[in-house]
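Based on the hints, put chain P in the right spot on chain Z.
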Amino acid sequence: MSHAPDDRIPRAQADPGAGPPRGPEGDGGLPGDTLSRKRFVDVLLGASFGGFTLAVAYPVTRYLIPPENVEASVSAVVLSLKPDDIAPNSGVIFRFGDKPGILLRTPGGEFRAFSARCTHLDCTVQYREDLSHIWCACHNGHFDLNGRNIAGPPPEPLEAFDVNTRGDQIIVSRRT
Amino acid sequence: MAALISALRRAVQWLDHRMGMSALLPIVRKKKVPLHRHTVWYYMGGMLVFLFLLQVGTGVLLLFYYRPSADGAFESVQFLMAEVEFGWLIRSIHSWGANLMVLVAFIHMFSVLILKAYRPPRELTWMTGAALLGVCMGLGFTGYLLPWNELAFFATRVGTEIPGVLPVVGDFIRTLLRGGEDVTGATLTRFYALHVSVLPATLFMLMALHVLLVQRHGMSVPPSVERAGGARRSMPFLPNFVLRDLVGWLCALIILAAVAAFFPAHLGVKADPFAPAPEGIKPEWYFMFMFQTLKYLPAHILGVEGELVGILAFGVAGLVLFLIPFLDRKAARGEPGSGWSWVAFGALVYILVLTALGYLANPSA
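In the order they appear, the protein sequences are chains Z and P.
So in numbering that gives the first Met the number 0, spot 138 of the first sequence is number 137, and the numbers just go up one at a time.
So in numbering that gives the first Met the number 0, spot 288 of the second sequence is number 287, and the numbers just go up one at a time.
Okay, chain Z solo, but in the shape it has when bound (with noise of 0.2 angstroms):
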């Protein structure tokens, strides 16, 4: 038996009343603009295609992005260290909540807390008593007593807390 080209025996034997002979462009489609068998079946198969994909891209992707972090964020703490912990002219990171901060007391022994998130790429930023003030060692950011970035690539100061002291507790908390 010869073997006529796949999708012309099925469809001969389906389409009983289908009339003139096919052109040569024709794909094998009903006359008229009906929709032909082949192409239905392509755009069936491409549909169930691109379906399962996006079924299966969409939870991966949500998989992927992280919760939002639940704990809401702090507006004030209170720190373990006394006043007289810290001498004039130094500094000392602490928890802002799940963030860092620091706490300075200047020369003239004031209190002041900025968060120690460096503006340029998240470096943490310390004290340097040498130069009485902040610093960021990841790329040479420097930081005057009242957070502003006076030098170095940080284009941005430092968030500025309020610091109250009550007795022997340090309370630092967010400016509203």
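Quick caveat, the hints were computed from the structure, so don't treat them as lab data.
Be a bit skeptical, because a hint or two may be false.
Unchecked claim - Dumping the calculated DSSO-like pairs for lysine-lysine here, alpha-carbon to alpha-carbon at most 27 angstroms:
| no. | chain 1 | residue 1 | chain 2 | residue 2 |
| --- | --- | --- | --- | --- |
| 1 | Z | K98 | P | K269 |
| 2 | Z | K98 | P | K29 |
| 3 | Z | K81 | Z | K98 |
| 4 | P | K294 | P | K281 |
| 5 | Z | K98 | P | K294 |
| 6 | P | K269 | P | K281 |
Computed from a prediction, not measured in an experiment: that's the story for all the values here.
For chain P alone, kept in the frame of chain Z given last:
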């Protein structure tokens, strides 16, 4: 003895009847490697295959002891270095091997770049190669964090903040990389997954494609050699080139073992998210030129944040590198004297000078 050999031969025949591997033999035998004064650069690719296999082998061994968590990672590496027999050797070879692999990848890339081996029809070979270099650096970056020490912690803070300065998509990419807003244990598990599965698998597939393309087009003969004319000399791939490759691999292994023994990889101090970044903090040497550039950029350039300008500039440079087969029209037409050789040379000098400055310049000046 003779019986053993004939049994072995029968076994090989049995296998070959089922697998048909002997069909490949004529192809391998036919393969020739061009001989000229730049032939030495042809060894870099094979060297990279060897170093990759070495990284896979030592990496698998490290997995037997490593614990990917913020609480346990540093301690598990400490245990591996101090208690496990030859733990220091395996980790040191893995660490030094990674450095050597990136170094050889850079040499491979610059030799191909300067000898213009990216000319048609080898554009895809070049592009897969450039992608491979990127994956290599990604492996270096993700692997650096895994011991969870102070240096790695801050290097990762900076490295993941870099895409974060991009407008619109920056925050999203940073969160995706870090597994949250900050570098935490969630970042460690992400980097671990990337380092031990996603990136090695990607590297393996790209490498297979890259090697296949090299086989298809044969080794590129540099334009200067082509123009000089004269008799073309070559050596058979099997066994001449393969044996020379083997000698190179053995040398690399000996050098790595010696360096690992005399300068074991150190571990440093455990990462503390609530400690300031240590003075003299540095990334791995192959990121140094970018790190140092970011240090020198002012806070604002023409009203745009300096770091954004720097990062975009490196992004554009990477894109140019990736697309150079299509940009170097002169070389594609086989004409001499395109300016791109000077660009490549300039880039090499820039990288070398900035890297040197990174190690020599005073960190707080």
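For each hint, the structure was consulted:
A distance of roughly 18 angstroms separates the Cα atoms of K98 (chain Z) and K269 (chain P); the hinted pair therefore holds under the 27 angstroms criterion. For the suggested pair K98 (chain Z) and K29 (chain P), the alpha carbons sit about 63 angstroms apart, so the restraint of at most 27 angstroms is broken. Between K81 (chain Z) and K98 (chain Z), the direct Cα distance comes to roughly 21 angstroms. Compliance with the 27 angstroms bound is thereby established for this hinted pair. With a C-alpha separation of about 11 angstroms, the suggested pair K294 (chain P) and K281 (chain P) falls inside the 27 angstroms cut-off, and the hint holds.
Annotation: proposed proximity of K98 (chain Z) to K294 (chain P) holds, straight-line Cα distance about 24 angstroms (limit 27 angstroms). Proposed proximity of K269 (chain P) and K281 (chain P) is supported: the alpha carbons are some 16 angstroms apart, at most 27 angstroms.
Going through the hint list in order, the structure does not satisfy hint 2, though it satisfies all others.
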